[in-house]
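Colleague: Sequences listed follow chains R, V, H, Y, B and L, in order.
Residues are numbered in this note's numbering as their position in the first sequence, beginning at 1, plus a constant of 92.
Residues are numbered in this note's numbering as their position in the second sequence, beginning at 1, plus a constant of 92.
Residues are numbered in this note's numbering as their position in the third sequence, beginning at 1, plus a constant of 92.
Residues are numbered in this note's numbering as their position in the fourth sequence, beginning at 1, plus a constant of 92.
Residues are numbered in this note's numbering as their position in the fifth sequence, beginning at 1, plus a constant of 92.
Residues are numbered in this note's numbering as their position in the sixth sequence, beginning at 1, plus a constant of 92.
Quick caveat, the hints were computed from the structure, so don't treat them as lab data.
Treat the hints with care, as some may be off.
To be verified - Cross-link-like lysine-lysine pairs, in silico, DSBU-like; alpha carbons within 30 Å at most:
| id | chain 1 | residue 1 | chain 2 | residue 2 |
| --- | --- | --- | --- | --- |
| 1 | H | 168 | V | 122 |
| 2 | L | 168 | B | 122 |
| 3 | L | 168 | Y | 122 |
| 4 | B | 122 | R | 122 |
| 5 | H | 168 | V | 168 |
| 6 | B | 122 | R | 168 |
| 7 | V | 122 | R | 122 |
| 8 | L | 122 | Y | 122 |
| 9 | H | 122 | Y | 168 |
| 10 | V | 122 | R | 168 |
| 11 | L | 122 | B | 168 |
| 12 | Y | 168 | L | 168 |
| 13 | V | 168 | H | 122 |
| 14 | R | 122 | B | 168 |
| 15 | H | 168 | Y | 122 |
| 16 | Y | 122 | H | 122 |
| 17 | R | 168 | V | 168 |
| 18 | L | 122 | B | 122 |
Said to hold, decoys possible - Stretch by stretch, here's where chain B covers chain R in the computed footprint (C-beta under 8 Å, at least three residues):
| id | stretch |
| --- | --- |
| 19 | 97 to 110 |
| 20 | 130 to 143 |
| 21 | 146 to 154 |
| 22 | 157 to 166 |
Idealized CB from N, CA, C, for every residue including glycine.
There are 6 protein chains.
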Amino acid sequence: MTDTWLTTLITDTPQAGFELAITLSRRAVKYTQPDAAVRERLRPIYSEDANALMAASQIVAINFQTIAAANDYWRK
Amino acid sequence: MTDTWLTTLITDTPQAGFELAITLSRRAVKYTQPDAAVRERLRPIYSEDANALMAASQIVAINFQTIAAANDYWRK
Amino acid sequence: MTDTWLTTLITDTPQAGFELAITLSRRAVKYTQPDAAVRERLRPIYSEDANALMAASQIVAINFQTIAAANDYWRK
Amino acid sequence: MTDTWLTTLITDTPQAGFELAITLSRRAVKYTQPDAAVRERLRPIYSEDANALMAASQIVAINFQTIAAANDYWRK
Amino acid sequence: MTDTWLTTLITDTPQAGFELAITLSRRAVKYTQPDAAVRERLRPIYSEDANALMAASQIVAINFQTIAAANDYWRK
Amino acid sequence: MTDTWLTTLITDTPQAGFELAITLSRRAVKYTQPDAAVRERLRPIYSEDANALMAASQIVAINFQTIAAANDYWRK
Numbered sequence: 093m094t095d096t097w098l099t100t101l102i103t104d105t106p107q108a109g110f111e112l113a114i115t116l117s118r119r120a121v122k123y124t125q126p127d128a129a130v131r132e133r134l135r136p137i138y139s140e141d142a143n144a145l146m147a148a149s150q151i152v153a154i155n156f157q158t159i160a161a162a163n164d165y166w167r168k
Numbered sequence: 093m094t095d096t097w098l099t100t101l102i103t104d105t106p107q108a109g110f111e112l113a114i115t116l117s118r119r120a121v122k123y124t125q126p127d128a129a130v131r132e133r134l135r136p137i138y139s140e141d142a143n144a145l146m147a148a149s150q151i152v153a154i155n156f157q158t159i160a161a162a163n164d165y166w167r168k
Numbered sequence: 093m094t095d096t097w098l099t100t101l102i103t104d105t106p107q108a109g110f111e112l113a114i115t116l117s118r119r120a121v122k123y124t125q126p127d128a129a130v131r132e133r134l135r136p137i138y139s140e141d142a143n144a145l146m147a148a149s150q151i152v153a154i155n156f157q158t159i160a161a162a163n164d165y166w167r168k
Numbered sequence: 093m094t095d096t097w098l099t100t101l102i103t104d105t106p107q108a109g110f111e112l113a114i115t116l117s118r119r120a121v122k123y124t125q126p127d128a129a130v131r132e133r134l135r136p137i138y139s140e141d142a143n144a145l146m147a148a149s150q151i152v153a154i155n156f157q158t159i160a161a162a163n164d165y166w167r168k
Numbered sequence: 093m094t095d096t097w098l099t100t101l102i103t104d105t106p107q108a109g110f111e112l113a114i115t116l117s118r119r120a121v122k123y124t125q126p127d128a129a130v131r132e133r134l135r136p137i138y139s140e141d142a143n144a145l146m147a148a149s150q151i152v153a154i155n156f157q158t159i160a161a162a163n164d165y166w167r168k
Numbered sequence: 093m094t095d096t097w098l099t100t101l102i103t104d105t106p107q108a109g110f111e112l113a114i115t116l117s118r119r120a121v122k123y124t125q126p127d128a129a130v131r132e133r134l135r136p137i138y139s140e141d142a143n144a145l146m147a148a149s150q151i152v153a154i155n156f157q158t159i160a161a162a163n164d165y166w167r168k
């Protein structure tokens, strides 16, 4: 993968950080399965299966830990 | 998603922080499955399946780690 | 949920902290499934299924990380 | 559960800390399923199923993070 | 395994760190299953099964936490 | 288990730390299932099942977090 998609973990707001966490989660899937057609075929499974939605939420939570720490929890 | 729903991780009490952790967990699901009707159809699975409830509790635990750190564990 | 059940993460001993971690784990389930009758019906699954017991132990471990950090690991 | 089983997270060596992590993992199971007879019945599942052994190893890893941090990683 | 593949956790950019996290995730699989032919046979499962892709994304997220902390979140 | 197998978390290189993380992951399994014959029987499951390999990789990732922190990420 040669495109640049991640240059900083710093965001203006917690919400932007949360959305970046979602981006990280999806990018990891993309690295493992680079074929967009396959990912497209799997999309209904992700988004309509309760367990997969839970798994997605958990990955976001882990990535959000990283991003929140990077931003010192947007405390200032 | 254009609405603003997360402006701070700081809460007055640990309990409010725990409830914010629940909000984060649900929001991640909402980002993955924006269609409210589909989420509504899946709700009984989340709430009446033991494994799904455990998974939900785990996601909350991870998000609560983040929020508790952000609030310096409400120590003062 | 309007009752107050979590006012501090500070406990006198590591064991009390561990027991608070169990409380947090159960509370998350309660938020997701507020109906006590449904939870009661699911209880045998939690407590008699090896995988569910493992899942419960993992959630407690995650919550205990938070509480132990909050208490500076009861070092003093 | 009224007995005292956890008075400190501090151990002399990393190995003693790792073994304490195992104790924490088992104790969480015991809190969820206090009946020793049921736990005994489930034991073969824990110890002879590859997935359950992996789950056990993961819980130990999480608890070991906590204990290692408490001991400042036995650096001195 | 005698080859040297990991000499530093420091990377120039968050994206390079994320890609190192993917390397760590794959290396762990390689240590557990050193036979390339077996891994090759399993590859379609990893990359075409929604749950396995989620699992992969989660492992990357955990390794990225480590690498991001090592790089002080590329804050400077 | 009376043998001494873990006297320090400090390693010379990140790679040695990663390999120690693998040792920790396996040791936890050994504590739960001390019978080598049973573990041997389960080995093909660990090493030829995609989900089990993912689980193994995740446990290594968690243990590597601990070891990397102990070594201050081999920054110096």
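Colleague: Please work out if residue 168(H) and residue 168(V) have their alpha carbons no farther apart than 30 Å.
Modeller: Status holds; Cα separation ~17 Å.
Colleague: Is the hinted pair residue 168(R) and residue 168(V) satisfied, with a Cα-Cα distance of at most 30 Å?
Modeller: Given that 30 Å is the threshold and the Cα spacing comes to 17 Å, the pair holds.
Colleague: Between the alpha carbons of residue 122(H) and residue 168(Y), is the straight-line distance 30 Å or under?
Modeller: Between residue 122(H) and residue 168(Y) the Cα gap is close to 43 Å, so the pair fails against 30 Å, i.e. violated.
Colleague: Are 3 or more residues of the stretch 97 to 110 of chain R near chain B, judged by a Cβ distance of less than 8 Å?
Modeller: Held - the stretch 97 to 110 of chain R has 6 residues with a Cβ nearer than 8 Å to chain B, which meets the minimum of three.
Colleague: When I compare C-beta atoms, does the stretch 146 to 154 of chain R have three or more residues closer than 8 Å to chain B?
Modeller: holds (count 5)
Colleague: Holds or violated: residue 122(L) with residue 168(B), Cα cutoff 30 Å?
Modeller: 43 Å, violated
Colleague: Is residue 122(L) close enough to residue 122(Y), meaning Cα to Cα at most 30 Å?
Modeller: Measuring from Cα to Cα gives roughly 20 Å; hence the hint holds.
Colleague: Decide if the proposed pair is consistent with the structure: residue 122(V) and residue 168(R), CA atoms, cutoff 30 Å inclusive.
Modeller: Holds, at roughly 28 Å.
Colleague: Within a Cα-Cα threshold of 30 Å, do residue 122(V) and residue 122(R) meet the stated pairing?
Modeller: 20 Å, holds
Colleague: Hint check: residue 122(B) vs residue 168(R), CA-CA at most 30 Å. Holds or violated?
Modeller: 43 Å, violated
Colleague: Can the restraint linking residue 168(L) and residue 122(Y) be considered satisfied, given a maximum Cα separation of 30 Å?
Modeller: 43 Å, violated
Colleague: With a cut-off of 30 Å on the C-alpha distance, tell me whether residue 168(H) and residue 122(Y) pass.
Modeller: 28 Å, holds
Taken one by one, the earlier hints fail for this structure at numbers 1, 3, 6, 9 and 11, listed in ascending order.
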